[in-house]
Amino acid sequence: DTAVSQTPKYLVTQMGNDKSIKCEQNLGHDTMYWYKQDSKKFLKIMFSYNNKELIINETVPNRFSPKSPDKAHLNLHINSLELGDSAVYFCASSQVPDTQYFGPGTRLTVL
Amino acid sequence: AQTVTQSQPEMSVQEAETVTLSCTYDTSESNYYLFWYKQPPSRQMILVIRQEAYKQQNATENRFSVNFQKAAKSFSLKISDSQLGDTAMYFCAFLVFQGGSEKLVFGKGTKLTVNP
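Note that the protein sequences, when read in sequence, are chains A and B. Read in the working numbering, the first sequence has 44 at position 42, and its numbers run on one by one without any break. Read in the working numbering, the second sequence has 41 at position 38, and its numbers run on one by one without any break.
Okay, chain A solo, but in the shape it has when bound (with noise of 0.2 angstroms):
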C-alpha cells in the first residue's frame, strides 16, 4: 500500500498553461506539506496544511495555490505556468511533531 501517492509523475505543459497535481495520504497524518526540488537538487518548503487549515506559505507566487479538501488530500494548482516553475514537486505528511513522509514526486516540465 502506497503511503503518499502523487499524481502525475510527470507533466510535460506549455509556458501560460495552468496544471494541477494532486497528493493523496492513508498514513492518517494531519498535516500535509509541498516542497519544490529545483534544478540543483535543492529542496525548500512551499505549503503546510494541518487538518485543512493553510498553516505555513513561504513566500510562493500566488500563482501557486493549494487546496485541501480534506485531511488525507492536498492539491496543488499553478496557474500561468512560466519556465521557472520546471521542478520535482513532493507531496509529504506527517503527525506534527514528527518524521516526514515523502510522494514519489512529480517532475513538471514547462516549454
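If you're looking for bench data, these hints aren't it; they were derived computationally from the structure. Glycine included, C-beta positions come from ideal geometry on N, C-alpha and C. There's no promise every hint is true.
Cβ pair distances, simulated, as ranges [stated by the list, open to error]:
no., chain 1, residue 1, chain 2, residue 2, range
1, B, Lys58, A, Asp72, 30 to 36 angstroms
2, B, Ala74, A, Val14, 44 to 50 angstroms
3, A, Pro99, B, Ser45, 25 to 31 angstroms
4, A, Ser7, B, Thr6, 30 to 36 angstroms
5, A, Ser7, B, Ala4, 30 to 36 angstroms
6, B, Glu55, A, Lys43, 25 to 31 angstroms
7, A, Phe44, B, Lys81, 21 to 27 angstroms
8, B, Lys58, A, Asn19, 46 to 52 angstroms
9, B, Ala75, A, Gln97, 29 to 35 angstroms
10, A, Ser7, B, Ala19, 31 to 37 angstroms
11, A, Met17, B, Lys73, 46 to 52 angstroms
12, B, Lys111, A, Thr9, 25 to 31 angstroms
13, A, Lys69, B, Asn70, 40 to 46 angstroms
Only pairs whose alpha carbons sit at most 25 angstroms apart, straight line, appear in this in silico SDA-like list of lysine to any residue [unchecked claim]:
no., chain 1, residue 1, chain 2, residue 2
14, A, Lys42, B, Gly88
15, A, Lys69, A, Asp32
16, A, Lys43, B, Tyr36
17, A, Lys46, B, Asp29
18, A, Lys42, B, Glu13
Residues from chain A that face chain B, not an exhaustive set, calculated with beta carbons under 7 angstroms [claimed, not checked]:
no., residue
19, Lys43
20, Ile47
21, Ser50
22, Asn52
23, Val98
24, Pro99
25, Thr101
26, Pro106
Since the structure of chain A is already known, use the hints to place chain B on it.
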C-alpha cells in the same frame, strides 16, 4: 534563521567500506529533530535515520548510524559496509517548529557513489 550545511557536495566509497557524511546546523532552539534522507536515482525521498535532540544516545538503523554532537551542532551520518544500492543523494534536514506546524530545512545534499 535555521540553516543546514553539508560541506561535501560529492563523495565516493568502495563497496564494503565505511563512509561518513558531514552535516552542521544552526539553531537557537533546544528541542528539535534531525534527519537524514536518501534520494536514489528513482527520486523517491527515503528516510534513513532520525535523531531527537533531547536524546543523548546516537541513533542507529542497521548499517546507518549518526554521530550527534549537540554542542557543536553537528550531525554526521556513517554508512558501514557500503552497498551499491547506497548510491544516492543524501540530505541532512532539520525540523523547525513554526506557527503550530513544522517544516524541514534541508542541506544542499551530498552525492554518494559506491564503487564496485
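Do the hints match the structure? See the list:
| no. | hint | in the structure |
| --- | --- | --- |
| 1 | B:Lys58 / A:Asp72: 30 to 36 angstroms | holds (34 angstroms) |
| 2 | B:Ala74 / A:Val14: 44 to 50 angstroms | holds (49 angstroms) |
| 3 | A:Pro99 / B:Ser45: 25 to 31 angstroms | holds (28 angstroms) |
| 4 | A:Ser7 / B:Thr6: 30 to 36 angstroms | holds (31 angstroms) |
| 5 | A:Ser7 / B:Ala4: 30 to 36 angstroms | holds (32 angstroms) |
| 6 | B:Glu55 / A:Lys43: 25 to 31 angstroms | holds (26 angstroms) |
| 7 | A:Phe44 / B:Lys81: 21 to 27 angstroms | holds (24 angstroms) |
| 8 | B:Lys58 / A:Asn19: 46 to 52 angstroms | holds (48 angstroms) |
| 9 | B:Ala75 / A:Gln97: 29 to 35 angstroms | holds (30 angstroms) |
| 10 | A:Ser7 / B:Ala19: 31 to 37 angstroms | holds (36 angstroms) |
| 11 | A:Met17 / B:Lys73: 46 to 52 angstroms | holds (48 angstroms) |
| 12 | B:Lys111 / A:Thr9: 25 to 31 angstroms | holds (29 angstroms) |
| 13 | A:Lys69 / B:Asn70: 40 to 46 angstroms | holds (42 angstroms) |
| 14 | A:Lys42 / B:Gly88 | holds (22 angstroms) |
| 15 | A:Lys69 / A:Asp32 | holds (15 angstroms) |
| 16 | A:Lys43 / B:Tyr36 | holds (22 angstroms) |
| 17 | A:Lys46 / B:Asp29 | holds (17 angstroms) |
| 18 | A:Lys42 / B:Glu13 | holds (13 angstroms) |
| 19 | Lys43 | holds (5 angstroms) |
| 20 | Ile47 | holds (4 angstroms) |
| 21 | Ser50 | holds (5 angstroms) |
| 22 | Asn52 | holds (5 angstroms) |
| 23 | Val98 | holds (6 angstroms) |
| 24 | Pro99 | holds (5 angstroms) |
| 25 | Thr101 | holds (6 angstroms) |
| 26 | Pro106 | holds (5 angstroms) |
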